[in-house]
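*Asks:* Protein chains in written order, with the working numbering: chain A, 1 to 337; chain B, 1 to 337; chain C, 1 to 337; chain D, 1 to 337.
One or more of the hints may lead you astray.
[As the list claims (entries may be wrong)] Quick list of simulated restraints, FRET-style, between CB atoms: (1) Asp279/C / Gly187/B: 26 to 32 Å; (2) Gly295/B / Arg296/C: 52 to 58 Å; (3) Ala143/A / His102/D: 43 to 49 Å; (4) Arg296/B / Arg296/C: 49 to 55 Å; (5) Ala143/A / Glu294/C: 50 to 56 Å.
[As the list claims (entries may be wrong)] Anything over 10 Å on all C-beta distances counts as not near chain C; from chain D, calculated: (6) Leu151; (7) Ser173; (8) Arg197; (9) Pro198; (10) Asp225; (11) Ala278.
Bear in mind the hints are in silico, worked out from the structure with no lab data behind them. Cβ coordinates follow ideal geometry from the N, Cα and C atoms, glycine included.
Protein chains: 4
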Amino acid sequence: MSESLGVAVLGAGHMGADHVRRLARSVVGAHVVTVADPDRARAGAAVAGLGDVRVHADPLAALAEPGVGAVLVASPDHAHEEALLAALDRGLPVLSEKPLAHDAAAALRVVRAEARGGRRLIQVGFMRRYDTEYRRLKALLDAGGIGRPLLLHCRHRNVASPPHFTSATLISSSVSHEIDAARWLLGQEVTAVTVVRPRASASAPAGLQDPQLVLFETDAGAIVDVEVFVNCGFGYEVTCEAVGESGSARIGEEPAMVVRSAGRAQREIPRDYVVRFADAYDREVRAWVADAREGRVGGPSAWDGYAAAAVAEAGVRALNDGGRVEVDLAERPGLYR
Amino acid sequence: MSESLGVAVLGAGHMGADHVRRLARSVVGAHVVTVADPDRARAGAAVAGLGDVRVHADPLAALAEPGVGAVLVASPDHAHEEALLAALDRGLPVLSEKPLAHDAAAALRVVRAEARGGRRLIQVGFMRRYDTEYRRLKALLDAGGIGRPLLLHCRHRNVASPPHFTSATLISSSVSHEIDAARWLLGQEVTAVTVVRPRASASAPAGLQDPQLVLFETDAGAIVDVEVFVNCGFGYEVTCEAVGESGSARIGEEPAMVVRSAGRAQREIPRDYVVRFADAYDREVRAWVADAREGRVGGPSAWDGYAAAAVAEAGVRALNDGGRVEVDLAERPGLYR
Amino acid sequence: MSESLGVAVLGAGHMGADHVRRLARSVVGAHVVTVADPDRARAGAAVAGLGDVRVHADPLAALAEPGVGAVLVASPDHAHEEALLAALDRGLPVLSEKPLAHDAAAALRVVRAEARGGRRLIQVGFMRRYDTEYRRLKALLDAGGIGRPLLLHCRHRNVASPPHFTSATLISSSVSHEIDAARWLLGQEVTAVTVVRPRASASAPAGLQDPQLVLFETDAGAIVDVEVFVNCGFGYEVTCEAVGESGSARIGEEPAMVVRSAGRAQREIPRDYVVRFADAYDREVRAWVADAREGRVGGPSAWDGYAAAAVAEAGVRALNDGGRVEVDLAERPGLYR
Amino acid sequence: MSESLGVAVLGAGHMGADHVRRLARSVVGAHVVTVADPDRARAGAAVAGLGDVRVHADPLAALAEPGVGAVLVASPDHAHEEALLAALDRGLPVLSEKPLAHDAAAALRVVRAEARGGRRLIQVGFMRRYDTEYRRLKALLDAGGIGRPLLLHCRHRNVASPPHFTSATLISSSVSHEIDAARWLLGQEVTAVTVVRPRASASAPAGLQDPQLVLFETDAGAIVDVEVFVNCGFGYEVTCEAVGESGSARIGEEPAMVVRSAGRAQREIPRDYVVRFADAYDREVRAWVADAREGRVGGPSAWDGYAAAAVAEAGVRALNDGGRVEVDLAERPGLYR
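Let's have the full structure, built from the sequences with the hints guiding it.
*Replies:* Okay, structure coming up:
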């Protein structure tokens with residue numbers, strides 16, 4: 001096997017620190033060389049106890065460190081574009097947390113820069129593609145197990161939303177996972193979005209349109225409906241039912257242990273994505289490291305990141321303006337076909 | 001207890017013959033006095049072995065038979081209005097199979113005729129209100145068990161559609177059950193309809209828009225989405241999930257016996273509504289007979305029948321024209337408040 | 001159809017009054033002619049509002065009433081034998097609540113009296129044979145759906161036991177249902193019993209051996225294990241898993257509605273058998289009435305009642321003495337082959 | 001963090017080769033230094049592509065290699081004792097695949113040798129303790145979530161047994177997992193065993209007593225029943241239901257994806273333990289490596305290995321002789337209290 005992959009981690013917030021810990025403790029074949037964060041103390045805290053890891057305020061300085069063979073981008077959205085372009089310049093494989101960039105236009109610039117380079121270097125962190133259940137559903141669909149898929153019914157529920165969430169964030173941040181999952185599961189592009197607004201829950205912060213029912217149409221005529229409800233109160237629940245011409249398949253509904261007590265047969269619902277998708281994050285980073293060590297890039301591409309951003313932007317317009325909004329996708333460069 | 005209720009059954013087709021059998025064998029306190037069907041032989045076959053039951057080609061002649069204390073209307077849709085008006089004239093309690101009449105305008109005439117009479121005589125055959133699971137869900141919602149309801153997700157799937165089904169029939173016949181169930185569960189009126197058209201299944205007859213995703217908005221801001229798929233191939237499945245401000249509740253998904261064999265843990269899905277709703281039909285007719293013997297009428301009213309028809313007509317317009325169609329309901333007479 | 005069946009109901013306690021109500025309101029083709037109970041006031045209360053029903057303190061006087069065409073025995077156990085022999089004398093079809101008689105010896109006397117008469121008149125009230133799920137399991141086993149059955153795993157759980165329950169009652173009353181169900185599902189006789197005694201639950205009354213694990217062996221080598229736990233606290237739960245040579249099948253575990261709230265996906269467990277087996281009782285009595293009107297007797301026979309009693313007695317000996325106790329069955333009269 | 005742990009893997013059969021692969025690819029902080037197998041070619045094949053790993057026919061030679069800091073024993077059962085004693089001699093932490101040794105007497109010699117040394121070095125490979133569902137059940141029991149446990153109902157089913165399986169192997173190999181799981185979940189010792197023999201399945205090899213119902217009693221009065229059925233034909237299924245004084249809890253029954261097709265709602269049952277327990281093996285070895293690097297030993301101890309062996313031997317006697325066999329455990333050395 002080739003030698004250990006030296007990784008520069010950009011961003012030492014919640015996700016960044018989590019990836020540092022993951023690379024150090026759960027991923028074979030990689031080590032953290034450097035961590036960059038404008039808040040150097042935060043970067044230092046993230047690497048405490050890891051031995052010789054250099055800390056920078058400037059991400060470009062981190063990329064320039066000797067021994068850096070790959071980059072993990074977990075900085076704030078608006079910092080992604082510069083970091084990604086720099087990594088492309090240096091020919092470094094990148095795993096970028098979602099979103100790829102702060103808006104669709106920036107994402108498209110990244111796509112075009114990578115396309116100009118002529119080889120794929122960027123993977124986007126849509127970790128559901130590494131979840132065991134999603135993979136099982138994908139395998140079933142690809143094998144024709146329920147015939148051609150016609151509908152996806154998705155639920156994305158959180159106990160409560162963070163303070164900064166706006167009605168648009170429900171689409172651009174939460175539903176963006178479903179956008180990628182739908183594109184991936186179906187192998188189709190999303191062409192139009194409609195957002196239906198039920199009465200807002202009294203449990204949601206004032207002014208927040210929560211829940212929403214978001215409808216996607218694809219270029220092959222499938223329909224995807226997503227209930228997003230980020231103040232559902234009762235648990236973190238991500239489910240997906242695919243309905244095909246000869247059957248349906250559903251994932252995400254049955255946590256394992258059944259407890260009978262006090263007149264109820266109960267299953268616990270996880271509180272957050274850390275419980276539900278912990279293994280998916282591990283698998284994602286392991287796969288990325290294994291690929292990078294062999295000079296390959298797999299997983300969701302920069303194009304996937306751009307397409308998700310473009311669809312999400314159409315979704316936010318549909319939310320704000322009402323009615324159906326068509327998605328205006330750029331032409332797909334040959335690199336991503 | 002009062003004496004046995006003499007029932008005139010109008011229509012000796014599948015539903016009519018089934019009701020004759022039910023009244024004779026499964027319902028205490030009622031007996032079939034007469035059956036009318038333009039095809040007298042069919043009427044005769046339906047009452048074979050039941051002793052002294054008179055048979056007519058003309059429904060009005062049946063209503064005039066001595067001993068008739070109530071009417072069960074199971075004739076074709078276009079014959080309902082005349083029969084219902086005649087029953088109202090005679091002051092007879094009626095159980096009318098759905099739809100109340102052949103269109104919303106006719107249904108409204110029936111409503112107004114009953115309202116003029118000043119007392120309720122008509123019950124419409126929306127039998128889901130008598131299904132154990134629906135009743136449990138209704139009780140939970142009424143008790144505030146999941147907070148104020150915001151969304152209903154409904155699935156209505158049949159193995160295969162009968163030959164006469166058109167794209168509009170999916171709404172006017174199949175989805176009409178969900179229209180009534182939603183109005184009843186929520187205690188709200190439907191104010192607008194949108195129909196989303198996925199690619200049609202290759203398993204559906206050519207030209208049939210199947211499946212459809214039908215969206216309803218209510219006067220309290222709840223959203224109801226219905227997947228109707230009448231050629232799903234795999235079974236008869238009617239499910240409903242209510243999502244409220246503090247929880248969700250779902251019915252209809254778990255047939256009872258789990259069989260493990262050949263690498264699968266399996267539950268059988270019923271083939272048709274006869275299996276799924278057999279008990280509901282029995283309960284419906286028993287409740288109607290019990291009420292009629294005490295001079296009362298309960299269950300879904302003529303107004304419910306009219307409202308379902310008006311919503312379904314808006315749905316068919318939405319299907320044909322695209323976009324969102326508002327429901328134009330007449331004013332509700334005081335009798336139904 | 002023949003005329004309505006006149007029924008004498010013996011015993012106006014909880015079960016008797018329930019059967020009176022059932023015959024009057026839920027069963028077509030029968031009417032209650034007379035009710036007997038040593039407590040005439042209780043008998044009178046049971047028939048209030050039913051019109052002309054005669055009331056007796058003496059069961060034999062009730063049997064002698066004109067118009068009595070069948071007998072439903074719901075009196076205390078020790079009164080069964082005399083009532084059953086009297087009904088046999090008069091050639092009346094009988095539905096006897098379980099147990100058939102107060103002990104196996106008395107049950108055997110009833111069996112022999114019926115056998116002498118040369119035709120079956122007695123049905124025993126093992127109502128599980130009329131439960132939809134049990135019938136589905138029976139049909140699966142008979143069709144060879146899981147191959148030859150090798151094991152039955154049964155659970156019989158009650159929230160709390162009535163005051164009169166002794167350790168032996170758990171077997172003679174609760175487990176007697178599993179004894180009949182196992183004999184019926186497998187079509188085999190039970191040949192030996194072992195009772196394993198876990199530590200008693202602190203929630204059970206002092207001195208009560210609860211739970212118990214009761215093991216049955218059959219003449220075809222199948223093993224049946226029954227957890228009986230009548231103070232389980234959390235609900236009424238009766239489940240059965242059959243394990244065969246090519247698969248397994250389980251019933252009784254999944255009540256219908258799933259409610260998500262407060263971090264849990266929950267299903268309600270019924271509180272008692274009235275909820276769980278209400279429909280089975282209705283079906284049982286309807287089937288008995290329909291048979292009786294055609295001069296037939298179906299369902300569990302007097303032999304089944306005797307065999308259950310004999311097995312239960314062996315079980316109580318096994319409970320008291322420890323170890324394995326063989327069941328000593330009398331020879332089966334030809335009438336029951 | 002301390003430096004990477006050098007591991008000697010003894011045995012390059014199925015399990016050994018799997019552990020080599022696991023250490024190389026899935027476990028951070030360890031590397032394989034040497035592999036020993038009497039079949040040197042097999043050892044060589046296991047380490048192909050791993051770089052500088054030395055290969056031996058003699059396990060003791062492997063232990064003597066420089067850089068060996070820990071030992072993973074995956075050799076045949078009869079070779080365990082010598083390897084374990086040698087590792088103890090050298091003060092090396094060991095992960096030994098189950099069983100600890102080829103019989104209880106040998107296991108006890110290992111226990112005593114470790115006890116003489118005065119510190120724990122040995123962990124036994126009962127990997128269920130690292131399975132997410134088992135851990136959840138353990139946490140629930142420890143938290144008193146269902147009150148004091150009274151019964152465990154276990155199922156251990158395999159599609160088909162390997163050729164070398166005897167009736168005794170069902171207990172000593174398959175059920176040994178349940179023995180450890182029960183001791184661990186309950187925190188109690190097993191004091192007696194009874195084996196009930198249903199008719200053997202026609203699908204099992206001639207002469208094999210399969211299935212078996214194995215009953216354990218514990219020193220706190222709990223009862224454990226285990227259905228072991230290693231030719232069940234339909235899948236690999238390991239389930240456990242704990243019944244306590246105030247509720248029950250069950251794990252292992254609900255694989256994730258539900259597919260509806262052809263009249264069935266189906267869940268796939270895994271084919272073998274590799275699917276079901278893959279993550280548990282990974283977690284086990286990761287935990288062992290992490291502990292060893294910090295000079296600790298956790299997980300199931302040599303005493304657990306000995307106790308499982310002693311209970312299994314009593315079980316085999318119970319199988320052969322019939323009746324109830326008491327477990328004769330040696331006194332537990334202070335090291336394991």
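*Asks:* Against the structure shown, which of the earlier numbered hints fail to hold, in ascending order?
*Replies:* 2, 4, 6, 8, 9, 10
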